[in-house]
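Peer 1: Residue numbers for the sequence shown follow our numbering, beginning at -14 and rising by one.
These aren't lab readings, by the way, just hints derived from the structure by calculation. We put the CB at the ideal spot given by N, CA and C, even for glycine. One or more hints might be untrue.
[Said to hold, decoys possible] Result set (DSBU-like, lysine-lysine): computed pairs, CA atoms no more than 35 Å apart in a straight line:
1) K781 - K806
2) K806 - K51
3) K927 - K1129
4) K1107 - K1023
5) K87 - K234
6) K1023 - K787
7) K788 - K717
8) K1159 - K1129
9) K554 - K781
10) K787 - K717
11) K87 - K51
[As the list claims (entries may be wrong)] What follows is a list of derived Cβ distance ranges for each label pair:
12) T605 - L440: 30 to 36 Å
13) S317 - A764: 31 to 37 Å
14) L829 - T859: 19 to 25 Å
15) T1019 - L829: 50 to 56 Å
16) D95 - D139: 24 to 30 Å
17) T949 - T789: 40 to 46 Å
18) T949 - G630: 43 to 49 Å
19) E1024 - I797: 47 to 53 Å
20) D153 - N356: 48 to 54 Å
21) H140 - E1032: 53 to 59 Å
22) E1024 - A1132: 56 to 62 Å
23) T728 - P320: 41 to 47 Å
24) S737 - E828: 39 to 45 Å
25) T862 - L726: 36 to 42 Å
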Amino acid sequence: MQRITKKLKWGPAVVILLFLLCLIGTAAADNYVGGQLLTTVQSGTVSGGLYMDDDISGPYVNNLTKTFSPIPNVDSIQWARLYVSAYSGQMQEARVLEVTTKWDGNNDGDWVDAEDRTWTEGPYNTIFTYKVNGGNDNTAQGGGAHDPYLIINDHTNRVTSDYLMWYDVTNLITNSTPTVNVDASASYDGRIKVITLIVAYNDGDTDNIRYWVNQGHDVDSYYSEEDYIGSTAFSLSGISGTVNAATLKVNHMASTDGTYKWRGNPISNSTPEEWQGGYSGGNTWDVTSTVQPGQNNALTYNRSADFYKIALATLEVDITEGTVVAPVAAFSFSPETGDAPLTVQFTDESTNSPTEWFWDFGDGEFSADQNPSHEFVRADTYTVSLTATNSAGEDTVTHDITVTSMWRAKAVWNAPDPGSLTAPCLVDLDNDGDYDLLTGENSGFSYAFENTGTLTSPVWTGKSAWNVPDIGARAKPAAADLDGDGDFDLIVGSTAGTSYGYQNTGSATGPSWTTNTSWNAPDIGTYSAPALADLDGDGDYDLLIGSSTGNCIGYENTGSTSAPVWSRKAEWDTPDVGSNSVPAFLDIDGDGDLDLLIGDISGVSFGFENTGTAASPAWTAKPAWDVPVIGTEAAPGPADLDNDGDFDLLVGSNAGTPYGYENTAPPLTGCDLTIAGTVNVAPPAVLFARETNSVRIASITNNGPGTSPATEVLLTSSDGFSGRVAVPSLGKNEATTVTILDTTIRDTAGGSVTYTATVDPDNDIPETNEGNNEKASAAKTVTYNGYKGKRYWEGKSDITTKKTFDLHGGIIYSSGDSAYKSGGTGGGSWNDYTVTWTSSDLELPSGATVREVRLYVPYTWDNTGEVPDRFSATFNTHLLPEDTLYTDKSNFGGYVNHVYGLLAYNVTDYFSTSGNSVVIHKDVADSNLAMTGLTLAVIYEKAGEPRRQIFLNEECDILGADETGYATTPDEATAYVPFDGMTITPDDATHAYLTTFVVFGNGPEGNLLWNDETIATNVWDFGSTEGTQVAIDTRDVKESLLATGNEAGIRSTPGATPLMAASHSFLVVEYAAAPATIEVTLGETSVSLSPMIAGQDATNSTTVTVSVENSNNWDVTASDGKTTNKGFMVNGTTPLANPFELGKDGAAFKALTSDYTAFMTGTTSGETATASLKQPVVSGDAVGDYGITVTFMGSIS
């Protein structure tokens, strides 16, 4: 019968244990983000094995059909579950997710048979709240109000950006290769991260396969202020035998695998069975030699990059179970003794693999846990027994545990015995600063004793002059100033039930007791034991009267500080402690309100904590404060007898002697300041170079009983920083978190810094524990913050000028038919990507000549180093040599190794005005490398166009303004674009067109700066996801143009996970066209013709040179300008017989009787021709000096 009784007690113990385990799991999740620990959801025994197919290492898409690898046997399936997970698109915010899962259990492709199912989840549009921000309210789903995971329904939850779903398919498999289709294409994102099938099956043989399936949704993030290491256990308790084979598997949900330990020892994650996709992966380990039957076998996991997540872990053990032997019970415990309340950890050390444990702690409490922790709430010696059981029998072992009291007997304080049934009252009756004594006694008298010792060592000497008159029997005095005159008066209880008032009509140094019946308390029956204290905080004394029934009766003073009136106050009544209760007020826990000790007939003085307030008490039993038994009829009298700041006791007894007890608990006024949390750089918990860093000191806590005064915390760093910040006064168990700005600027990354925080650094505050004021951080590596502009990264560059042109001409550019081309993370498995530009995309002005052509190729998500070694670009069939590569990366966080970049190529030699194309190639088709829209820019020259100065700036700078997630302000998340290399003449400029290219954003977002002024907000809109994902902005900045030192700024603006990348930029300064001019210059302006002989031609020549400005089309006309004798040489008025002839370069002679048009034509400046002069001379031409004036006139078309 006794054994049955024990088992009945196990039921509630097991329920409580499971609940506690649930709470422990919740508390142990990543302390910043949250998560759900992995626990065993299924275990059992089969003859076949545990099948698991989790491989989806192909492209990450939002619609995926998977045919599972063959299940060894589907004729006898014990248990089967399908797991699906999809990505919502954002860590915390609401993003629509809708997932339809179709199951084809017989793999016939029609999805409609009895074995087939369709499950639809959503559309869900939930918000996930980080644990640090309060967690998630799951109360509507039966969970908690602050859970670190979000429950959607009984088979779906959300942790950060992922939803995890699971479905029972035990009876839905008739084909060894079932198929599933998961369609999340109706979601905001919906990329599929998990499709896993687990099957426990029998195969008809005699193998004994034990299996465990542990499921959760746990996270380990770099946000956590501690090095969180997750753990999940497989319980092999009660199992014994020879392990033939054992396999451990993990299905994780991270782009980078974690690190693992099995039973405390590292295990490699590089086995051939490992697979790793873009966002999830799996591991398989042979643990045959290390799994331990009869024990818990724990797997721990830790992140190796910034984020790690795990959903599933399984264990399969092929074991030949041996003969079971009855256990031999044994246990250890720690600590072995201590003051109540004492928490003891018990550790089972029984042998022979017990399967059940029963603990009897000797105080009426029990446990069925293997290794319980138990609190002994009151002082005593307890016999603790453990009964260990398995199928072969049981065994019991016992140990004694002594729990001591805070009240230690102090015989030197014992007071003289005045009779029997003594009731001490300690009070300073002579105003000398120490406690004297009145001891009520069974005879009805209260006998006085002067303290002739000291404040710290009382000696009780009889003082009959202070004795209190006889009140009948069982006097119980209580002292207080009831008339407000500065000395102590009395209320004295009696066996009659009335408590009698006595006014001190003597003095504060020599009392004399005079009856004052107006102060008498109401008659409560046959026995009264009064205690006086201000219970409602109104400045006067109220009354609690012990009674023969065991409870204490409350009375409020509704009179005044000088004339008390006792009115019943039932709310202040105490619990019943037995009989003959004797109350005494004292602040045991140092919290500023009054607690109680209540003596009773059993000889125990019971402790009660005031769990109400100083103005509204509520009495809650506190066994740890109970005073050891002194015989019978305990009557406690408290006072500080050793002047150490806490209350000690004299306890009256039936025997007559008031016994002394010293309070050995920590001093009531003592506080205990410690740093219970972590010392870490403020989120995102990364120590950044080239800036100041905020350091958070979490949970500075006062563990002591007394309130701590305001103080400071000192923060020092291993590289020389020192700073302080105030810490406010903290009450008992109160905590605060402070932040200190580390003003040290660390110019370069790579060094390691450790912070040490010390609360109360000058040791100004007395504490109960002076050794726990210091806390050090983990070593922090100094890191460049890639989300800031490149000025915050040593050796990096602004978006600087790479090319300049000063010409008559311009620039045209186009993205052709390029668009965002996702990589493996978005389902884009590809090797080659072709972009085409038609002739109309880049149509040059007629007559223009190409000066230079540049190709810009932005890319992202390169977390495997594809560029440049496994990447190429072929332009118009020409394989381009690597020209210029610009890169950037966040350098921390979830995408620490995802490189963003810009490739710039000079393709001038290969450009065609009839059309162009480029083939982008990556060697690894499933790599995450993704492309955005390309830019092909053509700089051309053409006469007659305005003069333009063209600046081409190039670089890649990712930006994200997020003070919480990235520790970046908009000012810091700014890329600067300085334009240099040419001097500008702003007064002559008509326009200055600034064109900025920004890629990879959400938009519209970002502000544009020009010469330190914000000139536009929310500038860059990236359009649809089917577009280029390149935002281009062009605007005229002429009004604030400088001759030199012009600089643009591209500034990120806060938003949901902001990220944009500043890329190439153009500045085109345009000037007004200057007036065209032409100058014609003759080599000789006076030319003589010879010989002047009849029948011969007189000849000579001169050069004609043409200089042109601001025009390319000109001609020259020659004319003598006459209307009479036009074209004839004359002497006076006499012409020669034949007209004068003009030729060019000795040919093309023409008589100047009409103007010689188009004598010269051209398109360039500086052309020269020879003007050939000829005069045909005939007989009859008279001798003389003949002349003609020819004018060469240039004109511009």
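Peer 1: It remains to establish, for every hint, whether it holds in the given structure.
Peer 2: Against the structure, the hints come out as follows:
Pair hint K781 plus K806 holds up; C-alpha atoms about 28 Å apart against a cutoff of 35 Å. The hinted pair formed by K806 and K51 meets the criterion: a straight-line CA distance of about 24 Å does not exceed 35 Å. Annotation: proposed proximity of K927 to K1129 holds, straight-line Cα distance about 30 Å (limit 35 Å). With a C-alpha separation of about 53 Å, the suggested pair K1107 and K1023 falls outside the 35 Å cut-off, and the hint is violated.
For the suggested pair K87 and K234, the alpha carbons sit about 26 Å apart, so the restraint of at most 35 Å is met. As the CA atoms of K1023 and K787 are separated by approximately 22 Å, the hinted pair is consistent with the 35 Å bound. About 68 Å separates the Cα atoms of K788 and K717, which puts this hinted pair outside 35 Å; it is violated. Taken as a hint, the K1159 and K1129 pair is honoured in the structure, with Cα atoms around 11 Å apart against an allowance of 35 Å.
Annotation: proposed proximity of K554 to K781 is violated, straight-line Cα distance about 77 Å (limit 35 Å). Proximity of K787 to K717 is assessed by CA-CA distance (about 65 Å); at most 35 Å being required, the pair is judged violated. Between the alpha carbons of K87 and K51 the distance comes to roughly 11 Å, so the proposed pair stays at or under 35 Å and holds. The beta-carbon spacing between T605 and L440, approximately 33 Å, falls within the hinted interval of 30 to 36 Å.
Range check, S317 to A764: about 36 Å between beta-carbon atoms, so the 31 to 37 Å window is met. Distance hint for L829 and T859: a CB-CB separation of about 23 Å, consistent with the stated range 19 to 25 Å. Distance hint check for T1019 and L829: the Cβ-Cβ separation is about 19 Å, which falls outside the suggested range of 50 to 56 Å. Restraint check, D95 to D139: a C-beta distance of roughly 29 Å satisfies the suggested window 24 to 30 Å.
Hint check: T949 to T789, Cβ distance near 42 Å, so the stated range 40 to 46 Å holds. At roughly 45 Å, the beta-carbon separation of T949 and G630 lies within the given 43 to 49 Å, and the hint holds. Roughly 25 Å separates the CB atoms of E1024 and I797, a value that falls outside the hinted 47 to 53 Å. Against the hinted window of 48 to 54 Å, the Cβ-Cβ separation of D153 and N356 comes to about 33 Å, which falls outside the hint.
Separated by about 57 Å at the C-beta atoms, H140 and E1032 satisfy the suggested range of 53 to 59 Å. At roughly 58 Å, the beta-carbon separation of E1024 and A1132 lies within the given 56 to 62 Å, and the hint holds. The hinted window of 41 to 47 Å between T728 and P320 holds, with their beta carbons roughly 45 Å apart. Checked against the hint of 39 to 45 Å, the C-beta distance between S737 and E828 comes to roughly 58 Å, which is inconsistent with it.
Taken as a hint, the range 36 to 42 Å is violated for the pair T862 and L726, whose Cβ atoms sit roughly 58 Å apart.
Checked against the numbered hints given earlier, the structure breaks hints 4, 7, 9, 10, 15, 19, 20, 24, 25 and satisfies all the rest.
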